[in-house]
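*Asks:* Residues per chain, in single letters:
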Amino acid sequence: MKVLIPTPLRQYTGKQASVEVAARTVGEMLGKLTTQYPDLRKHLFGDDGKLRRFVNVYVNDEDIRYLENGNTPLRENDTVSIVPSVAGGRQWLVASWATFYPLTLFTIH
Amino acid sequence: MVVHHSPPATTLTNDEVLRYSRHLIMPEVGMVGQQKLKAARVLCIGAGGLGSPLALYLAAAGVGTLGLVDFDVVDLTNLQRQIIHSVNDIGRPKLDSAAERLGAINPFVNVRKFETRLSSANALEIFREFDIIADGTDNFPTRYLVNDACVLSGKPNVYASIFRFEGQASVFATAQGPCYRCLYPEPPPPGLVPSCAEGGVLGILPGLLGVIQATEVIKLILGSGEPLIGRLLLVDALGMRFRELRLRKNEDCPACGANPTIHQLIDYNQFCGIRGEEAPVTANVPEIQPAELKARLDHGDDVFILDVREPHEYQICNLGGHLIPLGDLPARMNELDSSHEIVAHCRSGVRSAKAVTLLRQAGFAKVKNLAGGILAWSDKVDPSLPKY
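Just so you know, the protein sequences line up as chains A and B, in that order. Every letter in the first sequence is one number past the one before it in my numbering, and letter 42, counting from 1, is 42. Start counting at 1 in the second sequence, then tack on 1000, and there's your number in my numbering.
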């Protein structure tokens, strides 16, 4: 099935807007996706291994929280969307290298 | 319907009848609808990218009372998308500029200016005088503040947000519908959101999304059509695709669920993990001032210039340095000679400060940060270099 990658996360998927992944459940799909693109993992999952609360995953138009979360079954023609929250306008910074370095917050005008 | 009007004292003058004639002759608006618009009181949070088209269309449509909250002044970089402001307004408060423009479009609109930063201390008081809130802000603390204040005061939150060439829109905090916290219970930690290298926004995008917000506001006022309640509209301007996702009210939502735990506004900076005055990232990083670097280069000293910006920024202006974007630096340190004297720079000196820290940790002893980046170079050494 097709996984739609939102703009802010495309830097971790080789700039691809969508990725084809074969999987039977949402959990398996996310596992395969983050194996293929390891830098995505930190952005999708917290240290507790759970999906982060500012990242939502939809199968077609339905939120997996109202389906069966990671156990939600997937069929071949399903489209999975990853939809993170976005504040808009001036962004809080930092950074693509958040994955390997401790962070300090600052703003840009 | 979700809108709580003050009792309408809203007969239209003959001038207004003529002005709104294209509304009045369509049954979906008509005289009754136009009177509802005139009686309506809409608060726009932010007079920037989203707020510009939003306020312009609401004023043109005849919304009787239009509140604006903003504390910023107009600058040149705003004009690429904030179409309510003009060149002559640069340096003026955005509120003054916006109010003047709105008055020029429709003098029948009562524009109310709130020149302040929306906060937990003032939000409920400001919201009290309005029926609908339209959130056109640009940061997570204000997003959650607007949402909670809307839930607490029972007023719909017409929402849009933008990033580069994608946007999201919805209507939150109606009596039956979900709120922003139902969608996103928590904000991202500050470190996980995009950097200036990946930021930016296509100028027309806030236009698209701001007009969608205006449309939703007007539908709520008229009580017609299908509002974006319980739906998240995703707009991809590059693909020109509009998709929608189903949103549900979360019974466990701390703001609008069955047993809410948020009974008053909280400290939203703290909630979003923002800890006030943080030590600047450039602190404790060895620096070189632009004038000193210029003198060293003029003297013929062998200084290696490392540019850690993105390739598209290099095309705007550069110092002829070797380009390795900050994100690529760990993998590309082998391109650098640790025995060499290196000066790293970026746009303003923040990314390059991190580059210097990284390089020093990797054993590069002779690396310094160009203080203030290419912006300071333009200010202090070479004014012909464009700033961005």
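These are calculated hints, taken from the structure and not from any lab test. Backbone N, C-alpha and C fix where the C-beta goes; we use that ideal spot for every residue, glycine too. Heads up, a few of these hints could be off.
[To be verified] Simulated crosslink set (DSBU-like; lysine-lysine; CA at most 30 Å straight-line):
no.: 1; chain 1: A; residue 1: Lys-42; chain 2: A; residue 2: Lys-2
no.: 2; chain 1: A; residue 1: Lys-15; chain 2: A; residue 2: Lys-42
no.: 3; chain 1: B; residue 1: Lys-1219; chain 2: A; residue 2: Lys-2
no.: 4; chain 1: A; residue 1: Lys-42; chain 2: B; residue 2: Lys-1387
no.: 5; chain 1: A; residue 1: Lys-50; chain 2: B; residue 2: Lys-1249
no.: 6; chain 1: B; residue 1: Lys-1294; chain 2: B; residue 2: Lys-1249
no.: 7; chain 1: A; residue 1: Lys-15; chain 2: B; residue 2: Lys-1366
no.: 8; chain 1: B; residue 1: Lys-1380; chain 2: B; residue 2: Lys-1366
no.: 9; chain 1: A; residue 1: Lys-32; chain 2: A; residue 2: Lys-2
no.: 10; chain 1: A; residue 1: Lys-32; chain 2: A; residue 2: Lys-50
no.: 11; chain 1: A; residue 1: Lys-15; chain 2: A; residue 2: Lys-32
no.: 12; chain 1: B; residue 1: Lys-1219; chain 2: B; residue 2: Lys-1249
[Claimed, not checked] Stretch by stretch, here's where chain A covers chain B in the computed footprint (C-beta under 8 Å, at least three residues):
no.: 13; stretch: 1050-1057
no.: 14; stretch: 1310-1320
no.: 15; stretch: 1371-1381
*Asks:* Each hint needs a verdict: does it hold in this structure or not?
*Replies:* Comparing the hints with the structure gives:
| no. | hint | in the structure |
| --- | --- | --- |
| 1 | Lys-42/A x Lys-2/A | holds (21 Å) |
| 2 | Lys-15/A x Lys-42/A | holds (17 Å) |
| 3 | Lys-1219/B x Lys-2/A | violated (35 Å) |
| 4 | Lys-42/A x Lys-1387/B | violated (34 Å) |
| 5 | Lys-50/A x Lys-1249/B | holds (21 Å) |
| 6 | Lys-1294/B x Lys-1249/B | violated (60 Å) |
| 7 | Lys-15/A x Lys-1366/B | violated (34 Å) |
| 8 | Lys-1380/B x Lys-1366/B | holds (24 Å) |
| 9 | Lys-32/A x Lys-2/A | holds (13 Å) |
| 10 | Lys-32/A x Lys-50/A | holds (15 Å) |
| 11 | Lys-15/A x Lys-32/A | holds (18 Å) |
| 12 | Lys-1219/B x Lys-1249/B | holds (21 Å) |
| 13 | 1050-1057 | violated (count 1) |
| 14 | 1310-1320 | violated (count 0) |
| 15 | 1371-1381 | violated (count 0) |
The structure shown violates the earlier hints numbered 3, 4, 6, 7, 13, 14 and 15.
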